[in-house]
Every structure is written in C-alpha cells, then in structure tokens.
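Asker: Chains as they are written, first to last, in full-length UniProt numbering: chain H, 1 to 623; chain C, 1 to 623.
No lab work stands behind these hints: they were computed from the structure.
Treat the hints loosely; a few may be bogus.
Pairwise CB distance ranges, derived in the manner of DEER restraints [stated by the list, open to error]:
{"id": "1", "chain 1": "C", "residue 1": "Ser589", "chain 2": "H", "residue 2": "Glu406", "range": "53 to 61 Å"}
{"id": "2", "chain 1": "H", "residue 1": "Asp409", "chain 2": "C", "residue 2": "Glu51", "range": "24 to 32 Å"}
{"id": "3", "chain 1": "H", "residue 1": "Gly103", "chain 2": "C", "residue 2": "Ala487", "range": "51 to 59 Å"}
{"id": "4", "chain 1": "C", "residue 1": "Lys622", "chain 2": "H", "residue 2": "Glu351", "range": "33 to 41 Å"}
{"id": "5", "chain 1": "H", "residue 1": "Phe561", "chain 2": "C", "residue 2": "Glu185", "range": "34 to 42 Å"}
{"id": "6", "chain 1": "C", "residue 1": "Glu194", "chain 2": "H", "residue 2": "Lys513", "range": "26 to 34 Å"}
{"id": "7", "chain 1": "C", "residue 1": "Lys465", "chain 2": "H", "residue 2": "Asp562", "range": "55 to 63 Å"}
{"id": "8", "chain 1": "C", "residue 1": "Asp562", "chain 2": "H", "residue 2": "Ser215", "range": "42 to 50 Å"}
Small disclaimer: the values here were computed from a predicted structure and weren't measured.
Quick reminder that beta carbons are idealized off the backbone N, C-alpha and C, glycines included.
Number of protein chains: 2
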Amino acid sequence: MKKWIPAASGLLAGFTAATLFFGDFSQSVKTERQSAHAKTNAEKVYVPFGEKDEYYLFASGGHSGQMFIYGVPSMRHIRTVPVFSQDSATGYGWDDHSKKMLGDYTWGDLHHPAFSETNGDYDGKYMFATDVGNSRAAVMNLETFTVRDIINVPNTSGPHCAAFVTENTEYMFLPTRFAVPIGSEYAELDDYSEKYRGVMSAVTFDEKKEKLNISYQVALPPWSFDLSDAGKKISKDWAVMTTYNTEEATTNLEINASQADRDYIVLFNWRELEKMVKEGKYDTVTGQKMIFPEKHKGGIYLVPVAKSPHGVDVTPDGKYFIASGKLAPAMTVFSFEKAFKAIENKDFKGERNGLPVLNYDSVMEREVNPENALGPLHTQFDDKGMAYTTMFISSEIVKWDPNTGETLDRVPVQYSPGHSVAAEGDTVAPDGKYIIALNKIAKDSYLSVGPSHPESMQLIDLSGKKMEVIQSAPVNPEPHYAQMIKADKIKTISVYPKDEKNKDAVYKQEDTKIVRKGNEVHVYGIAMRSKFIFDAKAKRPDQIEVSEGDKVVIHLTNIDFDQDITHGFAINSYDMNIEVQPGQTSTISFTADKAGTFPLYCTNFCSALHQEMTGYFLVKPKQ
Amino acid sequence: MKKWIPAASGLLAGFTAATLFFGDFSQSVKTERQSAHAKTNAEKVYVPFGEKDEYYLFASGGHSGQMFIYGVPSMRHIRTVPVFSQDSATGYGWDDHSKKMLGDYTWGDLHHPAFSETNGDYDGKYMFATDVGNSRAAVMNLETFTVRDIINVPNTSGPHCAAFVTENTEYMFLPTRFAVPIGSEYAELDDYSEKYRGVMSAVTFDEKKEKLNISYQVALPPWSFDLSDAGKKISKDWAVMTTYNTEEATTNLEINASQADRDYIVLFNWRELEKMVKEGKYDTVTGQKMIFPEKHKGGIYLVPVAKSPHGVDVTPDGKYFIASGKLAPAMTVFSFEKAFKAIENKDFKGERNGLPVLNYDSVMEREVNPENALGPLHTQFDDKGMAYTTMFISSEIVKWDPNTGETLDRVPVQYSPGHSVAAEGDTVAPDGKYIIALNKIAKDSYLSVGPSHPESMQLIDLSGKKMEVIQSAPVNPEPHYAQMIKADKIKTISVYPKDEKNKDAVYKQEDTKIVRKGNEVHVYGIAMRSKFIFDAKAKRPDQIEVSEGDKVVIHLTNIDFDQDITHGFAINSYDMNIEVQPGQTSTISFTADKAGTFPLYCTNFCSALHQEMTGYFLVKPKQ
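Could you put the whole structure together from the sequences, leaning on the hints where they help?
Answerer: Here it is, written out as structure tokens:
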C-alpha cells in the first residue's frame with residue numbers, strides 16, 4: 001500500500017499554489033476521512049465542547065478513600081466523590097450527616113466498586129464499595145453522586161474481596177483478606193489455625209431506606225480471600241472467590257504463602273446459605289448471624305486452582321469462571337455446569353477445613369497459557385464473549401477465546417496492569433467498545449511529580465482488528481478496580497427538591513432564626529446569592545454571636561434552586577467547612593471553644609458578589 | 001479559497017480504489033498537514049504515549065485545601081498534592097511530620113499559588129500558597145512535590161489576597177480579606193471602624209532551612225483586601241493590592257460594600273517598610289512586628305479605583321498595573337512612573353485612614369472599556385505584552401493592548417471565568433502560547449455528577465490569529481488561580497537519598513528493632529518488596545506486639561531505592577495510613593487504645609506479591 005504515497009505526492013506537486021491548496025484540501029480530506037476512514041487516536045478520544053463522553057468510569061481511589069469519576073473516551077477526570085475519607089471540598093466529614101456516617105474514621109482504603117444490577121445489567125441507580133483499611137461498606141446514590149450509608153462490618157478485617165453484586169442486587173458479598181480471631185479479640189499468632197478465621201459477609205441493601213444491612217456471615221478458614229465474582233444466568237445463585245495462604249502461614253507471606261502448588265476457589269450457593277440462616281443454622285457472634293460450615297454442611301465447596309490466584313471472573317453467559325494465578329502462567333477456565341454435576345454426584349476429593357474439595361479435573365474446562373504471558377491477574381469480556389486478561393509481569397493485555405483457549409491478540413501497556421475494566425464489562429451484556437488497563441507503574445509516562453508517581457489508566461480501542469492503546473491518563477492513588485457504565489443509564493438531579501417536612505430547613509428569609517436554649521445555640525439559616533441570613537430580624541442578619549463554651553448547631557439551607565449554584569460555609573480558624581448544594585439543607589454542630597472574632601464566608605464561588613458573601617461569628621469570652 | 005474543494009474532490013474521484021487511496025493518502029496528507037498546516041484541536045491537545053506535556057499547571061484547589069497538578073496542552077490531571085488538608089492517599093496528616101505541620105487543622109482553603117522567582121522569572125524551585133480558611137501559608141518543594149513548611153499567620157484572618165512573590169522571592173505578601181480586631185480578640189461589630197483592622201503580612205522564605213517566617217506586618221484599614229501583585233523591573237520594590245468595602249460596612253456586604261463609587265488600590269514600597277522595621281518603627285502585637293501607618297508614615301499610598309475592584313496585575317515590563325472592577329465595565333491602566341512622580345511631588349488628595357490618597361488623574365494612564373464586556377476580573381499577559389482579561393458576566397476573555405487600549409480579540413468561554421492563567425504569565429517574560437480560563441460554572445459541559453458540578457478549565461490557543469478554545473477540562477472544587485510553568489524548569493528527584501544522619505532511618509534488615517521503654521514502644525522498621533521487617537531477629541519479623549495503652553512510635557524506611565516503588569502502611573481499624581516513598585523514612589506515633597488483633601498491610605501496590613506484604617499488630621488487653 002505504500003506505493004500510493006509517492007503517487008499522491010506527485011499529484012500534489014503539480015499544483016503551484018501548494019500552501020493554499022493544502023489549506024483547504026486538508027479540510028475536505030479531513031471531512032471525508034472522518035466519515036470514511038479511521039479516526040486518528042487524537043480524534044478518537046477528543047470530545048469537543050458541546051458533546052459529552054459516552055461512558056462514566058468509576059474508579060476506586062484505593063487508600064485515598066474516594067471514588068474517581070472519569071469520562072470515556074476523553075479520559076478526563078470529572079469529579080472525586082468522597083466515600084470513606086474526609087473531603088473538605090464538599091464538606092464531607094464535617095456536616096453532621098457525613099460525620100456520623102464516617103464514625104470513628106477519617107480515611108478508608110476503597111477497593112472494588114460495583115454498580116447495582118437489575119437482571120445482570122448495571123441499572124445506574126447505586127454504586128457500592130468496600131473499605132479494606134477499616135472494614136466498612138458504603139453505598140452511593142447516583143442521582144446525587146453522594147454516599148447515603150456506610151456500615152462497619154464487625155467480625156471482619158479487610159473486606160478486599162468485594163463488592164460484587166448478584167444479578168438483581170440481592171446481595172453483595174464481602175469476604176476478608178485478613179484472618180482475625182472471631183470478634184477481632186487478642187489471640188497469639190501461634191494459635192492462628194485454631195483461633196483465626198476469614199469471614200464472608202452477605203450484605204443487603206434496602207433501596208427505600210437507602211440502608212445497608214448485614215444479612216449473615218460465614219466463618220471461613222483462616223485464609224486470605226482475594227477477589228470474587230457473582231454468578232450470572234445459569235450460575236446466578238452462586239458466587240466464587242479466590243484464596244491464597246491456604247498454607248495458613250503467619251509471617252513472611254511473600255515466601256510462606258506460596259508454598260503449596262494449589263490454593264482454592266471457594267464456590268458457594270447463596271440461596272442455600274440464605275436457607276440455612278432461615279432454618280437457624282448459625283451462631284450469633286457480636287450480634288451477627290454467623291454460619292460455621294464445619295457445623296452446618298452444604299452450600300460451600302472448594303475448587304483446587306493453581307497457586308496464589310488473584311482474579312476470578314464469571315463469563316457474561318454465566319457458564320464459566322476464569323481464575324488467574326499471579327504466580328502461574330496460566331488462566332484456568334472452570335465450568336459451572338461441571339461443578340454442579342460434581343456436587344450432585346458428590347465427586348469430592350475429601351475435605352479441607354470442613355469444606356468439601358471438588359476434583360480439579362472434574363470442574364476444569366481448560367488451561368490457557370499464552371506464550372510468554374506472565375502474571376495473569378484479571379479478566380474482562382467484550383460483546384462477543386471474548387476474554388481480556390491483564391498480565392502484570394509481561395505488561396500487556398491478552399485477548400483470548402474462553403471457548404477454545406485461542407490467543408487472539410495482545411497489546412502492551414505501560415506498565416504492570418492490575419485490573420482492567422471493559423465497557424459494561426461485568427454485566428451479562430458487555431459493550432465491547434473499550435477496555436481500560438489500570439496500570440500500577442507510570443514511570444516516565446507523564447511529567448514527573450517527584451518520587452511518588454501517579455498511577456496510569458490506558459484506554460484501549462477494541463473496535464478495530466487489533467487492540468490499540470489510544471489514550472493514557474494519569475490518576476491519583478490508587479485505582480484497584482473500576483466499572484464503566486453507559487452514560488445515559490445514569491439520571492442525576494441538578495437541584496434538591498424542597499422538603500417541607502425537614503424541620504431543619506428554612507426556605508423563606510423571614511423564617512430564619514437563632515434559638516438559644518441554655519448553652520445551646522440553634523441557627524436556622526439561609527445561604528443565597530450573595531449573602532447568609534441567620535436571623536432576618538436582627539440588626540446584622542449575617543452575624544452569629546455566642547458565648548465561649550456554647551454548643552452551636554447551624555442548619556443552613558441553600559435557597560438558590562438553580563443548577564450549579566452551590567454555596568460553602570466556613571468559619572475562619574474554626575477548622576470547618578460544609579457545603580449546601582442547590583436546595584439542600586446541611587447541619588453542622590460544634591462547640592465554640594475559642595473566644596474572639598471569626599469571619600465566616602462562602603467557600604464555593606457562587607456569583608460576581610461571592611466575595612461579599614460573608615459575616616461574623618463572635619464568641620464572647622467567659623467572664 | 002473554497003474553490004479549491006471541488007477541484008480537489010474532482011481529482012480524487014479519478015481514482016477507482018478510493019478506499020485504499022484514502023487510507024494511505026490521508027496518511028501522507030496528515031504528515032504534510034502537521035508540518036505545513038494547522039492541526040485539528042484534537043491533535044493540538046493530544047500528547048501521545050512517549051511524549052510529555054509542555055507545561056505544568058499548578059491550580060489552587062480552593063476549599064479542597066490541595067494543589068492540583070495538570071499537564072498542558074493535554075489538560076490531564078496528573079496529581080493532587082496535599083497542602084492544607086489531610087490526604088490519606090499519601091498519608092499526609094497522619095505521619096508525625098505532616099501532622100505537626102497541619103497543627104490543629106484538618107482542612108484549608110487554598111487560594112493563590114505562586115512560584116518562587118529569580119530575576120522575575122519562575123525558577124521552578126518552590127511553590128507558595130495561602131489558606132484563607134484558617135489563615136496559614138505553605139511552601140512546597142518542587143524536587144519532591146511535597147509541602148515542607150506551613151505557618152500560622154497570627155493577627156490575620158483570611159490571607160486571600162496572596163501569595164505573589166517579589167522578583168527574587170524576597171517576600172510574599174499576605175494581606176487579609178477579613179478585618180478582625182487586632183489579635184482576633186472579641187470586639188463588637190459596632191466598634192468595627194475603631195477596633196478592626198486588615199493586616200498585611202510580609203513573609204520570607206529561608207531556602208536552606210525550608211522555613212517560612214513572618215518578617216513584619218502592617219495594620220491596614222478595616223477593609224477587604226482582595227488581590228495583589230508584586231512589581232517588576234522599574235517597579236520591583238513595590239507591590240499593589242485591591243480593596244473593597246472601604247465603606248467599612250459590617251453586614252450585608254452584597255449591598256453595603258458597593259455604595260461608594262471608588263475603592264482603592266494600595267500601593268506600597270516594601271523596601272521602605274523593611275527600612276521602617278529596621279528603624280524600630282513598629283509595635284509588637286502577639287509576637288509580631290506590626291507597622292501602624294497612622295503612627296509611622298511613608299511607603300504606603302492609596303490610588304482611587306472604580307468600585308469593588310477584584311484583580312490587579314502588573315504588566316511584564318513593570319510599567320503599569322491594571323485594575324479590573326467586577327461591578328465596573330472598565331479596566332483601568334495605571335502608570336507606576338506617574339505614581340512615583342505624584343508621590344515625589346506629594347500630589348495627594350488628602351488622607352483616608354491615615355494613608356495618603358493619590359489623585360486618580362495623576363496616576364491613571366487610560367480606562368479601557370471593550371463594548372459589552374462585563375465583569376472584568378483578572379488580567380494575564382503574552383509574550384508581546386498584550387493583555388487578556390476575564391469577563392465574569394459576559395463569559396469571555398478579551399485580548400487588548402495595554403499601550404493603546406485597543407480591543408484585539410474576544411473569545412467566549414463556558415461559563416463565568418474567574419481567573420485565567422497564561423503560560424509563564426506572571427513573569428517578566430510570558431510565553432504567549434496558551435491561556436487557560438478558570439471557569440466557575442460548568443453546567444452542561446460534562447457528564448453530570450449530580451447537583452454539585454465540577455469547575456471547568458478551558459485551554460485557549462494563542463498561536464493563531466484568533467484565540468481559540470481547544471480543550472475543556474473538568475476540575476475538582478475549586479481553582480481560584482493557577483500558574484503555568486515550562487516543564488523543563490522543574491527538576492524532580494525520583495528517589496530520596498540515603499540519610500545516614502537520620503537516627504530514625506534503618507537501611508539494613510539486621511538493624512531493624514523494636515525498643516521498649518516503659519509503656520513506650522519504638523519500632524525501627526523497613527518496608528521493601530514485598531514485606532515489612534520490624535525486627536529481623538524475631539520469630540515473626542512482620543509482627544508488632546504491644547500492650548493496651550502503650551504509646552507506639554513506628555519509624556518506617558522504604559529501602560527500595562527504585563523509581564515508583566512506594567509503600568504504604570496501614571493498621572486495620574486503627575484509622576491510620578502513611579506512605580514511604582523510595583528511600584524515604586516516615587514516622588507515625590499513636591496510642592494503642594484498642595486491644596485485639598489488627599492486620600497491618602501495605603496500602604500502595606508495589607509488586608506482584610503486594611497482597612502478601614502484610615503482618616499483624618497485636619494489642620494485649622490490660623489485665
């Protein structure tokens with residue numbers, strides 16, 4: 001095909017007004033190219049003003065505790081939504097509601113995000129996530145992109161292996177990465193195998209109340225549970241999770257947890273576990289219903305797998321689960337149907353820690369070992385059912401056919417991908433258009449920001465014959481997984497509706513008031529362009545005066561029912577900032593423990609007179 | 001020129017293998033187009049893997065308390081660097097050093113970032129910033145992109161009008177947005193004009209010690225000081241700042257601070273103020289040297305300006321300062337030379353609050369009023385000395401000539417720009433290639449993330465005949481200003497050098513140890529791929545056992561002297577996470593107030609065996 005180039009160049013040389021010619025000709029070629037030909041990578045990822053991205057990417061923020069929202073294909077970072085960590089940009093962790101949700105914690109380690117699902121498809125209503133650092137789970141409402149509930153998960157330590165939801169969001173399962181003594185009591189590590197347990201929690205979500213709830217827990221062996229996935233279609237009542245350290249080592253896991261040739265995939269039927277709970281087959285531990293499988297048999301099985309597997313992923317058709325072993329060169333495809341048959345036939349190879357072990361050969365469909373592909377971690381899928389596995393060590397994504405094991409394509413990524421995420425990749429019907437590699441090492445990829453580098457996400461176009469990396473986007477620490485949803489599935493609101501039942505809300509200036517009860521001061525105020533009104537009848541409606549030591553409760557309502565008119569509220573030197581979005585009422589409670597004169601002001605630019613949106617908080621010293 | 005299109009199309013139609021032809025021809029055209037012709041906007045902002053952005057953008061994070069680092073022209077968000085707020089992603093606010101720097105505060109409101117300068121040019125060594133929320137200043141080292149010092153600025157409230165540094169970083173000036181009684185004592189607002197003062201602090205930076213220091217303060221009238229700029233070249237010993245609320249209103253500033261037709265620009269000579277301090281012409285207030293201009297005359301002058309000005313910007317040649325009034329339609333160009341002459345001739349119009357007022361007509365060079373341009377806020381400059389002013393209300397950037405007042409070009413932005421930032425725009429030699437509009441309103445620009453929208457930055461290409469918006473980038477709340485520096489000026493390190501003098505650091509495994517002194521436990525540990533070693537001689541080197549109530553001090557050194565190998569350290573349920581970058585030693589101190597068994601782990605993905613990089617923190621219950 002190269003022969004065309006000189007021919008074309010020769011043609012062009014015939015024109016004397018070459019510059020002018022190029023000027024317009026390139027325009028006309030461009031127009032035709034855009035319709036008839038492949039776009040350049042630059043054009044593929046460019047979203048001109050007036051158009052919008054096609055997908056939302058929700059990337060876990062890891063130890064930042066937050067969720068990062070990106071647009072795809074532009075890979076622009078749209079917003080950081082606070083989940084487990086404080087965020088003064090939105091006042092998250094300062095206003096009473098979020099402060100209470102965060103409880104005793106100021107940060108979290110947000111691992112795997114999971115959209116709510118209906119019939120195995122993302123429904124765009126909620127996003128769930130877990131905190132490995134402080135053992136919590138959270139739910140975010142996607143009308144407002146705000147967290148509605150956080151629960152502590154007792155008896156567990158590090159729910160890394162979550163959250164993945166079942167086909168109709170009946171459950172999300174939170175198995176633990178760390179084994180601890182039941183109830184997290186003190187127990188010596190010499191007693192590890194006897195006293196320590198891994199725990200899987202089955203968490204439900206009440207959509208009406210927007211509340212998470214622990215339905216039951218299962219006391220598993222003291223192994224590390226790493227990743228999980230829920231079944232789909234024929235396997236919808238089942239879920240799978242990988243294990244490592246089945247050696248039950250208690251130190252230097254780098255070496256000691258990689259001794260055995262095989263670890264296990266835990267295969268469980270949550271309908272059966274649910275039934276066991278209904279039948280009372282559990283013990284109560286720290287207020288939780290906990291199934292001890294050694295006492296109450298059934299519903300949980302072990303499938304031997306190559307040592308130290310990391311990811312386990314169910315194919316969109318629900319027929320297979322694919323485990324990837326970071327220390328093994330192979331992906332292993334297991335068949336749910338074969339597993340069901342083996343369970344029915346009690347085709348067991350004995351027990352381990354009270355759990356029946358299936359025969360590897362009875363469940364294994366095929367082992368897939370692309371040449372020189374090293375460190376397979378996670379697998380995603382496209383609209384044709386093809387699999388895409390990240391190779392941490394050989395730094396690439398390998399496309400392969402789970403039905404044949406054939407390697408179809410490979411693309412290098414920079415560098416060391418952990419997870420990858422495909423468009424609608426965890427649903428029963430992936431979109432197949434894009435996959436994003438979540439790379440752990442970014443050295444030399446971007447402008448340096450010192451010894452601590454950003455992570456790197458690379459967008460890969462799946463629409464051509466060959467996979468192609470078309471954009472690289474740096475990202476704050478540290479996405480461990482992400483999900484990508486079609487943009488039109490998410491329906492946000494732009495203004496909070498009036499809530500006449502909310503007794504803290506004030507919508508009319510004349511209803512503002514400051515109520516004093518002993519040493520408590522309750523303020524019912526308004527934020528509006530471009531002033532605060534705490535008591536419309538006072539000489540200075542934008543002043544709050546209290547006495548040193550008073551307990552102060554400020555309710556603030558933003559009565560600008562206009563899109564994008566958010567107000568902030570901070571008191572200088574009082575270490576606080578809250579936000580009121582359009583129509584929203586927020587409350588902040590604190591003690592006036594410093595006497596003096598403290599300006600208060602709107603922290604979120606709201607109008608040309610934003611700078612004038614100020615007042616004073618006066619704290620009269622104790623006599 | 002359009003006539004060329006049909007001619008070209010006719011030519012192309014002569015080829016039968018049109019598809020193939022386009023395939024390669026477009027390539028050859030593209031190559032030639034790239035050299036000879038305008039790139040598409042997509043191509044202008046696309047930075048392919050292997051190449052790097054040309055500029056760093058440091059955008060203030062406003063009430064997020066952080067600094068956002070972007071690459072230009074790609075407008076990719078590279079990193080969030082924590083400054084005034086906690087950031088668990090980097091352990092900032094948890095390790096002893098950063099915790100001490102943050103002091104009593106958990107958040108800040110980061111306003112104007114300013115690079116250190118040498119001879120009026122950004123030198124790429126340090127970045128300064130102020131905290132409006134809790135009245136602090138900070139300095140960031142650009143070898144490591146970490147904050148090295150934070151100081152509280154006593155006697156002041158809300159140093160909004162900062163930081164802008166002088167030509168050789170002799171000073172940065174921090175004037176306050178809010179007036180408070182001297183020492184922030186309690187005083188009734190009825191006594192505002194008598195007891196309240198604005199305060200300007202002159203802050204110096206000791207590069208060797210990496211310490212900020214308040215050199216002196218000036219007690220100004222109780223007005224709001226809004227923005228400032230340092231002089232350049234002929235005006236290098238001077239600085240300017242805008243004021244509003246010279247009405248000294250104490251409530252409803254939206255109306256009451258906009259009564260007078262004129263406010264002032266404060267023009268001061270910092271060499272003279274420095275001299276006054278040397279001569280002992282100050283009072284001591286809360287340990288600070290404070291000049292009271294009503295007592296010690298000289299060095300400070302007022303220039304009348306159209307009401308409620310916001311920005312004031314010194315031209316690159318240092319000859320003019322340009323004030324923009326958000327409530328006035330005009331930009332006013334003032335001449336430093338004229339001001340110097342008027343001061344020399346004592347051409348004053350009387351005094352205001354003890355400060356001499358210059359005659360407007362004696363200092364004003366010209367008023368510039370582009371047709372229908374409303375809400376001028378801030379002005380930046382290009383390499384030709386042309387000015388670019390953001391128009392908040394008419395949502396555009398206007399290019400104009402400060403020497404003639406002529407309007408040269410206008411470009412709409414979406415929407416309501418506050419500041420803008422040009423490439424090297426605050427130096428004596430701006431680059432002139434790009435300007436970025438920092439827009440306050442982003443509605444409909446990006447995928448919606450609920451009622452709280454991102455802000456929006458728009459990159460404008462200045463290289464063509466007409467300004468052109470070529471990229472739009474969403475950004476977290478909330479950039480109030482930014483500076484853009486040529487990428488090659490910043491020289492980062494990738495690994496912290498060994499520091500044999502640091503008695504907390506341990507570089508050899510055999511030197512790790514746990515030292516117990518009464519109820520104190522001091523751990524000298526190592527983080528390395530892929531394990532923690534707290535005491536190499538112990539049965540379990542990755543275990544720390546203490547008793548309930550012990551004070552625990554953990555020193556942790558990352559001995560992986562390799563680029564991009566950062567380790568984290570968290571103890572489950574103990575609400576802590578710190579980071580050790582390659583070669584770095586961090587310390588965290590806390591009380592073991594919860595008895596039980598708590599897994600500890602590396603939070604920052606570091607190798608294929610990162611998951612195995614764990615251990616246990618055991619807290620023996622009190623008897």
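Asker: So, for every hint listed, does it hold in this structure?
Answerer: Now the hints, each set against the structure:
For Ser589(C) and Glu406(H), the hinted distance range of 53 to 61 Å is satisfied, since their beta carbons lie about 57 Å from each other. Between Asp409(H) and Glu51(C), the C-beta spacing of about 25 Å keeps the proposed range 24 to 32 Å intact. Between Gly103(H) and Ala487(C) the CB atoms are about 43 Å apart, so this pair departs from the stated range of 51 to 59 Å. Hint check: Lys622(C) to Glu351(H), Cβ distance near 40 Å, so the stated range 33 to 41 Å holds.
The hinted range of 34 to 42 Å is satisfied by Phe561(H) and Glu185(C), whose Cβ atoms lie roughly 40 Å apart. At about 30 Å, the CB distance of Glu194(C) to Lys513(H) agrees with the hint of 26 to 34 Å. Checked against the given bound of 55 to 63 Å, the beta carbons of Lys465(C) and Asp562(H), roughly 37 Å apart, lie outside it. Checked against the hint of 42 to 50 Å, the C-beta distance between Asp562(C) and Ser215(H) comes to roughly 45 Å, which is consistent with it.
When held up to the earlier numbered hints, the structure conflicts with 3, 7 and fits the remainder.
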